[in-house]
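J.: Using the sequences and the hints given, assemble the complete structure.
Chains as they are written, first to last, in this note's numbering: chain R, 1 to 339; chain Y, 1001 to 1339; chain E, 2001 to 2339; chain Z, 3001 to 3339; chain F, 4001 to 4339.
Treat the hints with care, as some may be off.
[Claimed, not checked] Taking CB as the label site, the calculated pair distances span:
#1 Y:1027 with R:228: 45 to 55 Å
#2 R:228 with Y:1007: 27 to 37 Å
#3 R:18 with E:2265: 37 to 47 Å
#4 Z:3265 with E:2189: 52 to 62 Å
[As the list claims (entries may be wrong)] Per the computed footprint, the stretches of chain E lying under chain F, defined by three or more beta-carbons under 8 Å from a beta-carbon of chain F, are:
#5 2108 to 2117
#6 2280 to 2286
Because the hints were derived from the structure by calculation, they are not lab data.
We put the CB at the ideal spot given by N, CA and C, even for glycine.
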Amino acid sequence: MPPGTLIYTGHRTENATQVYSVWYNEAEYHEREAYVPEWQNRPAGISWVDVRSLTDTALIERVGNALQLHPLALEDVLDTQQRPKLEEYDHGLFFILHGLHLDAEHLELVSEQIAVFMGPAFVVSFQEDPDDTLQAVRKRAQEGLGRTRKKGPDYLMYSILDIVIDHYYVVLDDIESALHELESELHSNGAQTSQKARIFELKRVTSQFRHRLLPLRDAVTRLYRSDCPYIDEANRPYLRDLSDHVAQILDSIDNYRELLSGVEGLYQAEIGNRLNNVMRLLTIISTIFIPLSFIAGVYGMNFDNMPELHWHYGYFFVLGIMLTASIGMLIYFRVQRWL
Amino acid sequence: MPPGTLIYTGHRTENATQVYSVWYNEAEYHEREAYVPEWQNRPAGISWVDVRSLTDTALIERVGNALQLHPLALEDVLDTQQRPKLEEYDHGLFFILHGLHLDAEHLELVSEQIAVFMGPAFVVSFQEDPDDTLQAVRKRAQEGLGRTRKKGPDYLMYSILDIVIDHYYVVLDDIESALHELESELHSNGAQTSQKARIFELKRVTSQFRHRLLPLRDAVTRLYRSDCPYIDEANRPYLRDLSDHVAQILDSIDNYRELLSGVEGLYQAEIGNRLNNVMRLLTIISTIFIPLSFIAGVYGMNFDNMPELHWHYGYFFVLGIMLTASIGMLIYFRVQRWL
Amino acid sequence: MPPGTLIYTGHRTENATQVYSVWYNEAEYHEREAYVPEWQNRPAGISWVDVRSLTDTALIERVGNALQLHPLALEDVLDTQQRPKLEEYDHGLFFILHGLHLDAEHLELVSEQIAVFMGPAFVVSFQEDPDDTLQAVRKRAQEGLGRTRKKGPDYLMYSILDIVIDHYYVVLDDIESALHELESELHSNGAQTSQKARIFELKRVTSQFRHRLLPLRDAVTRLYRSDCPYIDEANRPYLRDLSDHVAQILDSIDNYRELLSGVEGLYQAEIGNRLNNVMRLLTIISTIFIPLSFIAGVYGMNFDNMPELHWHYGYFFVLGIMLTASIGMLIYFRVQRWL
Amino acid sequence: MPPGTLIYTGHRTENATQVYSVWYNEAEYHEREAYVPEWQNRPAGISWVDVRSLTDTALIERVGNALQLHPLALEDVLDTQQRPKLEEYDHGLFFILHGLHLDAEHLELVSEQIAVFMGPAFVVSFQEDPDDTLQAVRKRAQEGLGRTRKKGPDYLMYSILDIVIDHYYVVLDDIESALHELESELHSNGAQTSQKARIFELKRVTSQFRHRLLPLRDAVTRLYRSDCPYIDEANRPYLRDLSDHVAQILDSIDNYRELLSGVEGLYQAEIGNRLNNVMRLLTIISTIFIPLSFIAGVYGMNFDNMPELHWHYGYFFVLGIMLTASIGMLIYFRVQRWL
Amino acid sequence: MPPGTLIYTGHRTENATQVYSVWYNEAEYHEREAYVPEWQNRPAGISWVDVRSLTDTALIERVGNALQLHPLALEDVLDTQQRPKLEEYDHGLFFILHGLHLDAEHLELVSEQIAVFMGPAFVVSFQEDPDDTLQAVRKRAQEGLGRTRKKGPDYLMYSILDIVIDHYYVVLDDIESALHELESELHSNGAQTSQKARIFELKRVTSQFRHRLLPLRDAVTRLYRSDCPYIDEANRPYLRDLSDHVAQILDSIDNYRELLSGVEGLYQAEIGNRLNNVMRLLTIISTIFIPLSFIAGVYGMNFDNMPELHWHYGYFFVLGIMLTASIGMLIYFRVQRWL
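T.: Next up, the structure:
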């Protein structure tokens, strides 16, 4: 395929693509479904075009043309395996990141790609899934809560990124509780083979999460430092705050990874300890009874001339020797701290 | 929640928020409880507003407004899981770090977030806990000891950071003594399963400590290099000293981590060694007695025609063979260094 | 050998070197086999000379001289173990990379070196193998599809690099499916010794792949940032896209490597678990039967005076003791969770 | 304590502090004990004040005041756990490093902190220990050997650092010989449990050594690149040489660390191998004799009707079977390479 | 010793130091043994003084003085444990690197230090060993082959470095073949204890090789970027090529190191697997025969009243039970995949 061909690579293809257009200023707020404003002919104020579910590539190409988005950026919107990134184009910024949640049953990270374009007085957002992750942002704009209506498209873009990144704390909490559950189970029930698989799954999830966040940190830091003319200086602290959040989440993940290594170490140690206990029991039993059995075997021999057999207290004498030997060995094991 | 909403995320919520205001210059020192000076209407000299216990978000918002602190910074003050950081705002610096001490019983790091704002002739500090970590600083200012009264707000900020960071040396000492105790116990009593858990806990604590210090080092270095106009050039060596202290603590932590790995290695080696000893004993006992028992078993068979049974010295001959075989095997084990 | 001597170090030496020349502009497209245009005397428009199979060093030297390529660069073209790299010469850029595919049977990475020179209005490409990896690019140019005919030699070079790098996704997919196969086999059949070798081979392949990509990432990033005058500013987003692709592939590889470590850990854990089970069975059997055998051995002794032997229910009494002891031990093992 | 309080943290407190003053130029050399020149009133030429043993903080404070040293630097001089560092003050440089030697018996690194101030025409050195590490430097100056008398204070500072760092090569040699001894013992005597502890100690020592050198490398490199006006351009190669030495020592340490890992690996492998041998012997003995004992047990049963017992050659037949079985098993073990 | 004292630290001290002087231009070539040209009075054209075997420190000091080399550089020439490095002096460049070859028998890296000075129209080279590593360079110059005679001293220096670095490929090939031999032996003969030592030696060699190359890469890169006026711009591509070669060799080494880790992993896995097999055999034999022996022991007891003993088919019945039990256990082991 020549570069720039639009192909949707996501796996959720049953839902129709929906386009919501919003335009607002400090005084007014309008909303219209299935309407794509033209670049040359935009409504006054700040426009926000939100596209959900990316199955209809033709419609998405039409949105891209109407709003003069770069074909390579549109291609990235549809390729849902993108790394988080910030790209600067001639008339705006393009940000890709992922909404994440943890499928607690299979301990898998479920990802929805979200792409945001920001230009002079307009924002375009593309959500991979049909359900609206950005609902709270639109609601706040609609009701005039917070600062959204008073500020420019950079604050709207920030609000979108913020709501997506805020949700990562939920994923963190889910990972933490899974980790704590594992730890307390290890404490109360001892090491189970099923735990090994859970440790592995948790490691995989934290590693995937980390792989998502490392490029996101770069992208957010570059956004905060961007000299794009559409970013208002007064809004920089918000972008810095975003960057702090990502760094904080990464810190927690690194922390969880070290905890996981520790839990794995404890698991291994208990398994090894258990093998030691098993071997110790085997050795104690064998060391006591094998020599005793040998003695019994000796006096079970059928030689004609075995004088001890005819002693009157021979049997009791041998029993006494056996008892003494086994008590001696028990004392030895006690001294060696094996018992 | 829209960004900038003030929510206290700490866990100590039973104490009322207290505000202490102090203002001083080289000649005078005044102190007043439960009083928040207004930005436009500050007392002459250097003002220091100290807030302890962060439960009353309304009061804290009032302090923030009175002293014109940025809403995002206030939000950070209340979110007590912040990473240590330095932020530069229009009229001042904002520093977040943590007072730390080691709960020696559970080997856990207990953290209290401390946030400091510094602007022209004023400092605002927020302590998460109701007890006053900064008492010594105020006392020195009150009694006119040291340089505090002769210098500006930058030196006051430095004194606050210094007293918090100085306390980290206590944590270091606690970790070191826990490590030494572990090492000497391992030497005297041998490896115990309880030690594995202690090694794990110590690793977790040093790792958490390190996670706190890495961003702190960056923040302190940036403070030392900051071109903020409220920092007096003559005070730079003090800030550099702070940065040296953090680097020194980090060095010690890295050192402890390597020592811990070494102790863990010794622990593993002793456990492995013990298993080897157990297996060796089992093998020696089995190798000696299993063949002997077999011989005894042979002469315990009830065949009609077993000529050896009727030899007069058959029994003693067999006993002699058994004795020779076991001595031979003992010599073999000796040569193999198993005994 | 003095530096600059041309020696072909590849292993495919049976095919004759072929030269295809193409020249085109937006309106026209010409193609001629076995023809090398002279630098001073090039056809109008953009020239593309494509050389396949590098066995004929004399012919390649002639191409190099005709198009004024640097002798060291020509030497690199023929040394097929080069690292991916970008070099800037006086009148153009020189890029080396490798076409890769996975030999799925032996899990080996097969590599074909591809070198591209780009100068004012001309591109020279050298393919190590006789089959044409770049066919799709020429076809698009010939049929006037895509943007190739409308753009300069930088876009042609980009198209060549893009088609080679796009093929890496196929290698990624092959590695992923090998990994999934391994994982599911481990799940269904348990750990097999053959899997250890497969894990090793997969590790080797991903490591080789990564070794190819790390310098390629640098080279592509430097290409994107190059200030070479023959790169049109409007084409930079395409080069950035290339760099994104390489970063994305590297991310996936790092991900696979962590998954492989996880799978290896699970493999080890199952092997260790199996050893534990074996030892446990041995211990249970021994612990139950060795003491019982000892009791039997005692009453197999031939002492004259053994009163129990003459008790009427002595045998049944001893059998009862044996039964009780073994049930007791079974209960003990049950409590210890060994059964 | 307020910052800048002088407290000596070293552990050698029994010796009195001694001050030696030296002043020289190309023609003359003077030396006077227990004399501290005043900054304003220094003798002509280059002054070198050398302080040994740091117990008398009052005297050291007097030296500091007389020579106008910064209070924070003086505090660092007395805190003997400093990291190696270079600090630039208004009228000079301040360098901290450590004299090191290896206590070969306990394999411990013994450290003496040495601090050097260098300003226009004067040098002040502080040695933690009473014995004079810098004797050779003063002797060369006194006798007019080498370049010391012809050059400025920067060369004197260089000579001091050089003599301290040169001594590190002795530590390196000691570590190397301990490592070689360990390796050859492992070769000749096989793995001993005492070796594990020695490996651990060597690892700790190399790690401590490395922790000292990493910041030293930075400090020396910064010294070499410093734009301090008191450094003569013609002396830069000497400072670069110093930096090379530290890099070379670090290289050797990294090399020893890898060798240590290798020795540890060999140790582990031999321990593992030994366990394998023990288990193999146990298995061979058990596998041969347990079945044979069973056969003997069968014919030791007391059933009335056991026809084989009455065969004339039954006993010899059974012995033959036993012999055949054990030879067969020996052949099997031979084929399996267990013998 | 004061810095700058000349001491030869190499171990080959039996050969006399030899000095060969060469001077040439595009037209002429002269050569004279045991002759050191004076700096002020050099022959016309490019002079190359080649010193072999460094035992005669007085002669080397004379060479240094005649050609005005810096005393510290001369000291480095004689200290044959230098790290590879490039140093820029006032009138020229100074490069240290090492000729390497692999002693295949002991798997040890044998190193010869080679130092090169390059100034305006002259080159001085010092070879640690008496045999001439640079023969091919002189021969090419003498016979006027290649570009040496047409170019300046920078090209001569390049040729010297190139011939030394080219030889590293031979070391690489030797390492690779040792690695392949190890791998194929592991495949065909299984894990042998001798292989562990070989893996360790190979690891040590690759690690030493890498330690040599890392600083060499820096030095070569700095040479390529050096703004030394004696480097002709037209020769930069040659220096870049040198830097590429070192990077390529480092890549191969990293690759071999990962392969070695893989081979080590396979070795460990086979050793572990073998232990598993041994334990499995022991467990199978014990689990089958210990219970059977117990049954035999029961009927070997001498109680008066044991009814089974008197049953006519008691013996055969018991034999049948034994047979059934052992077949049952064999089936169980088969199901558990232990057989």
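J.: Which of the numbered hints above does this structure break?
T.: 4, 5
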